[in-house]
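**Student:** Here is what each chain is made of, one letter per residue.
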Amino acid sequence: MANPLSEFLRSYLSVGIFVGLSFVLFGLLMVISWALRPNRPQAGKYINYESGVDPVGSTWSQSQVRYYIFALLFVIFDVEAVFIFPWATRLEAYGTFGLIEMFAFITILILGLVYAWRKGVLKWA
Amino acid sequence: MNLLAALGAGLQATGGDGPTPIMAQPEITFSAPAQVIFAVTAVVMIYGAFRVVTTKNVVHAALWLMIVLGGVGINYVVLQAEFVAVTQFLVYLGAILVLFLFGIMLTRASMGVSEELDNNLKPVGAVAGLGLLAIIAYALIETFGNDKLTFQAYQGVAGPNSNGRTQAVADTLFSQYLIPFEVLSVLLLVALIGAIVLARKD
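Here the protein sequences come in this chain order: A and B. Reminder that position 60 of the first sequence reads as 60 in the numbering used here, one-by-one numbering, no gaps. Reminder that position 145 of the second sequence reads as 145 in the numbering used here, one-by-one numbering, no gaps.
Honestly, the hints are just simulated from the structure, not real lab data. Careful: at least some of the hints might be erroneous.
[Unchecked claim] Part of the chain A face toward chain B, derived, beta carbon under 10 Å:
id	residue
1	Leu-36
2	Ser-63
3	Phe-70
[Unchecked claim] Distance ranges between label pairs, derived from CB positions:
id	chain 1	residue 1	chain 2	residue 2	range
4	B	Thr-54	A	Leu-13	54 to 62 Å
5	B	Lys-122	A	Ile-100	23 to 31 Å
6	A	Phe-70	B	Asp-171	55 to 63 Å
7	A	Arg-37	B	Val-190	52 to 60 Å
8	A	Tyr-115	B	Gly-103	53 to 61 Å
9	B	Phe-144	A	Gly-120	30 to 38 Å
10	B	Thr-54	A	Ile-100	50 to 58 Å
11	A	Lys-123	B	Val-190	19 to 27 Å
12	A	Trp-124	B	Lys-122	28 to 36 Å
13	B	Ile-46	A	Tyr-49	35 to 43 Å
Note that CB positions come from ideal geometry on N, CA and C, so glycine has one too.
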């Protein structure tokens, strides 16, 4: 008897193979580079590299709040994208009605982007 | 690669050919590959969750949390909740975790390995965790103890198992929950503007 869950998971087998292959490829590249490169450890090679300038302070440093704004913008539009996915699967069925609804949804969120733009948040000052 | 081999073997053993009839045989429970996937992700998730609370580096705790959230996403796939799984990977792994990391990096206090952090309250935390586990386990067993998970081939427009559930989500979203859906965009807008107002200096 065909198990629907097995049928379903079988369609995800390619995802599993893809993930597995990416790990194999990563490991393979690391092993090849380890086998090919010469190994001559020197103290200077272990310090942090910063454009040829001697590093100052710790690598753990406080980041600026403007990064957080970009991260938050990303979250908002990520959530927006999540709601576009189910809509896209039924695009033909909804027709003009669906287009108008999604247009309203996106327009309201675009207002936020326009606000951020006008406030100069997107500019790297 | 053990997981993949087991998965492939299990699929070969239990799967059949041909399209599955819609809404047929409702008495299907967890299949062997689903159990293997669940067992492996559960073990990895428990280890990851343990490292989240035991590591001394807060940034590493957030990265271990990524393992746990990814395991939750895989469990959603096993439960055939594809839309929830995609949401889990996109929003939680992709976005919320970035917010976590930036939140940590914005507050200078405990970045990197900090020796000031201690585990003196470990027994209290263990008792609280076990108590919570007992309460949740009791509630779940009491409520769902005799139920069996059943799975069906879900019919989509392009045939069985072709994102039928996501289409069902869309149909609900664009009929019954249309107003909440549109209001949601206003909620997101408020969150965006609020964050900009708070983060700007002037």
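**Student:** Hint by hint, note whether the structure agrees.
**Tutor:** Comparing the hints with the structure gives:
Interface restraint check: A:Leu-36 against chain B, minimum CB-CB distance 25 Å, threshold 10 Å, status violated. Hint status for A:Ser-63: holds, given a least beta-carbon distance of 4 Å to chain B, under 10 Å. Because the closest C-beta pair between A:Phe-70 and chain B is about 9 Å apart, less than 10 Å, the hint holds. Distance hint check: the CB atoms of B:Thr-54 and A:Leu-13 are about 35 Å apart, inconsistent with the given range 54 to 62 Å.
A C-beta distance of roughly 57 Å is found between B:Lys-122 and A:Ile-100, which places it outside the suggested range of 23 to 31 Å. The supplied range of 55 to 63 Å is broken by A:Phe-70 and B:Asp-171, whose beta-carbon atoms lie about 35 Å from each other. At roughly 53 Å, the beta carbons of A:Arg-37 and B:Val-190 sit within the given window of 52 to 60 Å. For the pair A:Tyr-115 and B:Gly-103, the supplied restraint of 53 to 61 Å is violated, since their beta-carbon distance comes to about 23 Å.
Between B:Phe-144 and A:Gly-120 the beta carbons are some 53 Å apart, a value that contradicts the proposed interval 30 to 38 Å. The given range of 50 to 58 Å is respected by B:Thr-54 and A:Ile-100, whose C-beta atoms sit roughly 52 Å from each other. For A:Lys-123 paired with B:Val-190, a C-beta distance near 23 Å keeps the hint of 19 to 27 Å intact. Separated by about 44 Å at the C-beta atoms, A:Trp-124 and B:Lys-122 break the suggested range of 28 to 36 Å.
The supplied range of 35 to 43 Å is met by B:Ile-46 and A:Tyr-49, whose beta-carbon atoms lie about 38 Å from each other.
Checked against the numbered hints given earlier, the structure breaks hints 1, 4, 5, 6, 8, 9 and 12 and satisfies all the rest.
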